[in-house]
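Student: Just so you know, the protein sequences line up as chains A, B and C, in that order. Residue 546 is where the first sequence starts when you use the numbering used here, and the numbers rise one by one after that. Residue 878 is where the second sequence starts when you use the numbering used here, and the numbers rise one by one after that. Residue 5 is where the third sequence starts when you use the numbering used here, and the numbers rise one by one after that.
Keep in mind that a hint or two might mislead.
A few chain C residues facing chain B, derived, Cβ under 10 Å [as the list claims (entries may be wrong)]:
1. Asp57
2. Leu124
3. Ile144
4. Asp146
5. Phe216
6. Lys260
7. Ser261
8. Val316
9. Ser319
10. Thr374
11. Gly381
12. Glu395
13. Ser399
These aren't lab readings, by the way, just hints derived from the structure by calculation. Values in this document were obtained by computation on a predicted structure and should not be read as measured data. Built from N, CA and C at the ideal position, the CB exists for glycine as well.
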Amino acid sequence: MSSRPRVRVPDTAKAGEIILIRALLSHPMESGQRRDSSGTIIPRKIVNSFTCTFNREPVFSCDLEPAISANPYFEFHAKIVKSGEFEFAWTDDDGTIYTHKHTIEVA
Amino acid sequence: MKLAFHAVLALAALNSPVLAVADPSSIQRVGEAREVILGIDADRAYGEYLAGDCVACHRLSGEPAGIPIIHGQPVSDLITALLEYKLGVRTNEVMSVRTARLGDQEIAALAAHFAAQTK
Amino acid sequence: MSGLTRRHFGLLLGASASSLALPTYLRAQEKPRVVVIGGGPGGATVAKYVARDSAGAIDVTLINETETFTTCFFSNLYLGDFQSFDDITHDYDKLVSNYGIKKITGRAASVDREAKTVTLADGSTVPYDRLVLAPGIDIIYDSVPGYSQEAAQIAPHAWKAGPQTQLLKEKLDAVEDGQNIVMVAPPNPFRCPPGPYERISMFAHVLKKKGFTRSKIFVLDYKESFSKQALFTEGWEAHYPGMVEWYGPDVHGGVKSVDAAAGTVETDLDVFEGALLNIIPSQRAGAIAVDAGVTNEAGWVPIDENSMRSKVDDSIFVLGDASVAGDMPKSAFSANSQAKVAAINIRADLTDARAFPARYSNTCWSLIETNDGVKVGAQYEPKDGKIAAVETFISQPGEDADLRKATYEESVGWYAGIVEDVFG
């Protein structure tokens, strides 16, 4: 179970500007290595993939492994050449996809 | 004689939750150090001052509730307990740190002070 | 106590020596006066030790704003239902009856260092030969934009114990499943470094005990790291999986404002909302220290590491949270330890008592869950111009349950001990 993504993208930018994108998803990222108090392994349940697209074209993506700790946080730069829509997607092991959209206007 | 002494200590109120397995040479070092300290003419005013560091946890009245009673204990037992923490025969992080910087004069002074504190 | 004979003997010696040793401004019949502002683990301890160990040779007055004292230390355990409010509230009766300390309930408004007097809020003045300032902290409300004393009635800080603590407890108990808690944790230096994180543990404990599964506790920290972080992080994952989300400035990007009424904390990254906001702003030394002119630019009081004497005025000692105490954390244990160094130096100033080299110690215990206690602490000595840690210890991740239980029990024993030492 996860709360909604928290994403920071500027609302506007100049053409050619490099912006900073920050994205946080609340997620336990259960590695599958921990044991509960009775010694039983707690099953793995992680976000295994994060993608960022702009106007449906790939900007940044990565696969996440169990070593990544809870509430994965990404920070990366992107060069803005035109107005458009960022879409972020996190894919859970169980198939759930958490998404967030943000529009940016080029001044 | 030394083993019997330790049995007495284990029964006294100076129990530590984690008792390291004491090797004979450490016990001997404790015994030797104790003899030296027993020969010191303890500075009671100094002991009273140093005791300030102890009484926040080791209180005069009431049950131990996790912290042993040291007031009114025999001088020799108090010296032994402090030496055992200092030399690593007993382990408790708080006590190890508290005793690491105590020299013979300090141990003598503290033992004399607490032995004399009765309710 | 069996020290009676020794004390009478000491007093006799003192009486013959002191008529030669007294400074000229003290008439032989008048006892030297010590005034202590602040009746917490710093102030009450120094008042008691000076009064008791001087065997009545020094006149001691203790000024505290309130009739009784609720300890900020262990107040987290009250939030977690491990202690009652009464358990953590104490009176000064024994200090008055056992040691002849004069207790004034009231606020010290100003200090006249030339005249050596303290003026109370009601206008009366109290003269001193030696003054101890142990005023604790004052909250710098606007260090968190949008926060204020009024806002603290809705979003308590409860970083000064008393009504704020009860308010926070009330609000904690009213949280429903699915509602969130948001804490803002302060930058260094602040009172009780592990405190916010023990509090988070107590919040989580209360919610877990009620069977809540959908509530989250967000911590928006001004710091990148905190005291005993590995221990708390391990403990939160083990006991309260998925419930606690701690973020440092590198993730949240900075706290921009708090809206207590709306229940929101806005950061550069996003707005965090909660049914309960616990905002812990930056702090500084209590106002009386500022008024007395002994604070530095950062709002804390520099002291001589050998005696706890103010660096600015030989007649003033400053203890506890208000002081700049080198490696020592701002804790009750530290204040109580510093008080004893101050007491012996005050007595050496005013009587023929001997001063000894300063030694200090501290242990901070934190409760993560029932019977899961951790601790950190050290011995300290004056070194290179400050109070420096010389031996340290800290609990380790992965310790077994028996040790953690013993550590918690130690803390309960300590609380009984320090209460007796300070108020008894």
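Student: Decide, hint by hint, whether the structure agrees.
Tutor: Structure-based check of all given hints:
no.	hint	verdict
1	Asp57	7 Å, holds
2	Leu124	30 Å, violated
3	Ile144	30 Å, violated
4	Asp146	36 Å, violated
5	Phe216	31 Å, violated
6	Lys260	41 Å, violated
7	Ser261	41 Å, violated
8	Val316	26 Å, violated
9	Ser319	22 Å, violated
10	Thr374	15 Å, violated
11	Gly381	6 Å, holds
12	Glu395	4 Å, holds
13	Ser399	8 Å, holds
The structure does not agree with the numbered hints 2, 3, 4, 5, 6, 7, 8, 9, 10 stated previously, though it agrees with the rest.
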